[in-house]
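First to last, the sequence lines map onto chains A and B.
The first sequence begins at 0 in numbering that gives the first Met the number 0 and counts up one residue at a time.
The second sequence begins at 0 in numbering that gives the first Met the number 0 and counts up one residue at a time.
Derived by calculation from the structure, the hints in this document are not laboratory data.
A few of these clues could be false.
[To be verified] Calculated cross-link-like contacts (lysine-lysine; reagent style DSS-like; alpha-carbon spacing at most 25 Å):
hint, chain 1, residue 1, chain 2, residue 2
1, A, Lys143, B, Lys10
2, B, Lys10, A, Lys86
3, B, Lys251, A, Lys146
4, A, Lys37, B, Lys10
5, A, Lys124, A, Lys86
6, A, Lys124, B, Lys10
7, B, Lys245, A, Lys155
8, A, Lys243, A, Lys146
9, A, Lys224, A, Lys243
10, A, Lys76, B, Lys165
11, A, Lys132, B, Lys251
12, A, Lys86, B, Lys251
13, A, Lys169, A, Lys243
14, A, Lys76, B, Lys10
15, B, Lys83, A, Lys146
16, A, Lys155, B, Lys83
[Unchecked claim] Short derived list, chain A residues pointing at chain B, Cβ under 10 Å:
hint, residue
17, Gly32
18, Thr61
19, Val70
20, Ala91
21, Arg92
22, Ser93
23, Ser117
24, Ala178
25, Gly179
26, Asp181
27, Val182
Glycine included, C-beta positions come from ideal geometry on N, C-alpha and C.
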Amino acid sequence: MAGLTPTPVPSAIFAPMPAIITVDNLSKTYASGLQALKNINLEIRRGEIFALLGPNGAGKTTLIGTICGIVNPTQGKVLVGGHDIVKAYRAARSMIGLVPQELTTDAFESVWGTVSFSRGLFGRKADPKHIEKVLRELSLWSRKDSKIITLSGGMKRRLLIAKALSHEPKVLFLDEPTAGVDVELRRDMWRLVRSLRESGVTIILTTHYIDEAEEMADRVGVINKGEIILVENKAELMRKLGRKQLTLQLHDPITAIPADLSGHHLELAGNGSELIYTYDTQGERPGIAALLDDLDKAGIRFKDLQTTQSSLEDIFVSLLREDK
Amino acid sequence: MNVHAVRAIYKFEMARTRRTLMQSIISPVISTSLYFVVFGAAIGSRIQHVEGISYGAFIVPGLIMLSLLTQSISNASFGIYFPKFTGTIYELLSAPVSYLEIVVAYVGAAATKSIILGLIILATAALFVPLQILHPLWMLLFLLLTAVTFSLVGFIIGIWADGFEKLQLVPLLIVTPLTFLGGSFYSIDMLPPFWQKVTLFNPVVYLISGFRWSFYGLADVSVGLSLAMTVLFMATSLGIVAWIFKTGYRLKT
């Protein structure tokens with residue numbers, strides 16, 4: 000996308016910041032009796048990219064909807080920038096931009112018209128320069144006079160982002176921003192999110208593409224059946240829960256693991272031609288150096304080795320399994 | 000007060016009218032002209048005068064009321080129903096706007112449209128029949144109060160409706176019959192005594208009577224009562240709207 004320079008920020012340099020959103024004991028029970036949120040406590044730090052992960056129906060959209068004012072909370076309190084979302088809804092909502100999951104637009108309105116409308120709705124004075132900037136950044140400038148009905152799905156998605164950015168929000172909610180979006184647009188979206196964060200916007204995104212969270216998020220929250228089951232710095236999460244595997248391709252296949260190596264909890268694979276060593280990245284077990292040493296002593300030679308690290312997806316799946 | 004938001008919604012709604020100029024303005028004008036042809040020319044030639052006024056001229060206030068009522072309801076109900084239907088209401092609900100501002104903007108736009116329409120019909124009527132307006136300021140006041148009141152009614156219907164059928168239901172089954180039976184085309188003095196009494200339960204009678212009085216100084220009921228009933232209507236509608244927003248009825252889950 001024009002005007003957006005991708006500037007990846009390693010999460011390691013990201014120091015904890017004060018909370019911009021505080022969710023305190025939030026619950027939501029729908030009229031049907033469905034309890035969509037159960038005593039949610041969550042803090043979103045100023046300036047971070049927070050990924051909310053969860054399977055379908057976990058409560059992601061309800062949580063976002065409640066913070067944004069679309070869903071009435073049953074119990075609990077939410078502060079946005081220190082403003083209560085019920086008592087000081089004007090101040091709270093003025094800070095928020097919301098990009099909904101569904102592509103909901105007015106078919107017959109023009110791109111320019113609908114983005115200007117959003118700015119006005121959020122109480123901001125007309126500013127054609129800002130609208131132009133947003134439309135240019137989202138590659139929509141050439142379509143500014145087009146009716147929304149003539150836009151492609153990807154353009155509509157960008158239009159919804161433009162609407163959400165029209166009033167210069169401090170917090171941006173992206174509900175499944177890349178659902179049904181092609182690979183190129185997805186990367187553009189990631190670049191956009193990073194550049195927004197660079198400009199100081201706090202971003203909360205929900206996704207079920209785990210690689211998206213892995214690629215972008217500073218912190219990850221996992222929600223399941225209306226409960227937050229984990230909130231963790233992404234790198235920390237990967238470190239804590241991530242497992243590494245070292246696969247050694249042996250020079251000569253073996254039929255059994257020698258007794259001397261039993262302390263390493265190895266697995267034999269590939270008809271005896273591969274040894275697999277699984278270890279926690281925190282490394283409580285004997286290290287790789289000791290293993291290699293022991294292999295040498297046992298006279299087992301290898302011709303190649305590779306390591307693989309569990310992805311956030313593996314971690315996510317195992318978390319949900321534990322939660323069952 | 001979020002003035003920018005009120006302006007944005009109002010402008011959006013008025014732009015919708017311009018986009019749909021045919022349905023919004025031209026078709027009501029055509030249908031009103033047809034009423035003049037049928038009631039004014041064909042039937043009017045047999046009735047000739049009602050209380051000293053030519054029948055064609057007598058029905059003008061009633062015809063304007065008929066359009067004003069139905070258009071106010073349809074404009075306002077569609078205006079708020081459509082965002083619910085398409086899902087764009089999320090933006091309205093998440094915006095820093097108060098309920099009062101939402102109502103002022105939507106109802107204001109719907110009322111503006113129907114007042115413009117009422118004045119266009121008045122101008123159209125002037126081409127067919129000789130008109131006199133004895134109390135123009137009262138005429139405008141009744142026009143304004145009725146447009147706002149029935150735009151509020153339309154707003155309520157738009158929020159209540161969960162399908163296009165329901166959007167049509169109240170105007171078709173309640174408002175149109177009440178308007179036809181409310182003295183649009185006749186003076187209630189022309190009815191048998193029993194039906195005169197029954198008619199007094201029809202709220203539209205008071206609107207039409209007051210409006211007609213502002214034209215010709217003729218009224219079925221006193222103008223004060225007409226005004227009081229119109230204001231009562233408006234207060235009731237406002238009360239219902241306030242309740243809707245307080246509870247989030249059909250808007251928020």
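Consistency of the hints with the structure:
For the suggested pair lysine 143 of chain A and lysine 10 of chain B, the alpha carbons sit about 18 Å apart, so the restraint of at most 25 Å is met. Of the pairs offered as hints, the one joining lysine 10 of chain B and lysine 86 of chain A is violated, with about 29 Å between alpha carbons and a cut-off of 25 Å exceeded. Taking the CA atoms of lysine 251 of chain B and lysine 146 of chain A, the gap is about 29 Å. The hint is violated against a cut of 25 Å. Pair hint lysine 37 of chain A plus lysine 10 of chain B does not hold up; C-alpha atoms about 41 Å apart against a cutoff of 25 Å.
For a cut-off of 25 Å, the pair hint linking lysine 124 of chain A to lysine 86 of chain A stands: about 24 Å separates their Cα positions. Taking the CA atoms of lysine 124 of chain A and lysine 10 of chain B, the gap is about 14 Å. The hint holds against a cut of 25 Å. Pair hint lysine 245 of chain B plus lysine 155 of chain A does not hold up; C-alpha atoms about 33 Å apart against a cutoff of 25 Å. For the hint linking lysine 243 of chain A to lysine 146 of chain A, the alpha-carbon distance of about 52 Å lies beyond 25 Å, and the restraint is violated.
Of the supplied pair hints, the one linking lysine 224 of chain A and lysine 243 of chain A is violated, its CA atoms being roughly 29 Å apart against a limit of 25 Å. About 37 Å separates the Cα atoms of lysine 76 of chain A and lysine 165 of chain B, which puts this hinted pair outside 25 Å; it is violated. Between lysine 132 of chain A and lysine 251 of chain B the alpha-carbon distance is near 33 Å, which puts this suggested pair outside the 25 Å criterion. Between lysine 86 of chain A and lysine 251 of chain B the CA atoms are separated by roughly 17 Å; this keeps the pair inside 25 Å, and the hint holds.
As the CA atoms of lysine 169 of chain A and lysine 243 of chain A are separated by approximately 38 Å, the hinted pair breaks the 25 Å bound. Restraint check for lysine 76 of chain A and lysine 10 of chain B: not satisfied, since their Cα atoms lie roughly 35 Å apart, outside the 25 Å limit. The straight-line distance between the Cα atoms of lysine 83 of chain B and lysine 146 of chain A is roughly 20 Å, inside the 25 Å bound, and the hint therefore holds. For the hint pairing lysine 155 of chain A with lysine 83 of chain B, the CA-to-CA distance comes to about 19 Å; that is within 25 Å, so the pair holds.
Taken as an interface hint, glycine 32 of chain A does not check out: its beta carbon lies about 13 Å from the nearest beta carbon of chain B, beyond 10 Å. For threonine 61 of chain A, the suggested interface contact is upheld, since its CB lies about 9 Å from the closest CB of chain B, less than 10 Å. Residue-level restraint check for valine 70 of chain A holds (minimum Cβ-Cβ distance to chain B is 6 Å; threshold 10 Å). Because the beta carbon of alanine 91 of chain A sits about 8 Å from the nearest beta carbon in chain B, less than 10 Å, this interface hint is met.
Hint on arginine 92 of chain A holds. Least Cβ distance to chain B is approximately 4 Å, under the 10 Å limit. The beta carbon of serine 93 of chain A is positioned within 10 Å of a beta carbon in chain B (closest approach about 5 Å), and the interface hint is therefore held. Taking 10 Å as the C-beta contact cut-off toward chain B, the hint placing serine 117 of chain A at the interface holds, the least distance being around 6 Å. Proximity of alanine 178 of chain A to chain B is violated relative to the hint, the smallest CB-CB distance being about 15 Å (cut-off 10 Å).
Among the interface hints, the one on glycine 179 of chain A is violated; its C-beta lies about 16 Å from the nearest C-beta in chain B, farther than the 10 Å criterion. The criterion of a C-beta within 10 Å of any C-beta in chain B is not met by aspartate 181 of chain A, whose closest approach is roughly 23 Å, and the hint is violated. Given the 10 Å rule on beta carbons, the hint for valine 182 of chain A is violated: about 27 Å separates it from the nearest Cβ of chain B.
Hints 2, 3, 4, 7, 8, 9, 10, 11, 13, 14, 17, 24, 25, 26, 27, counting from the list given before, are not met by this structure.
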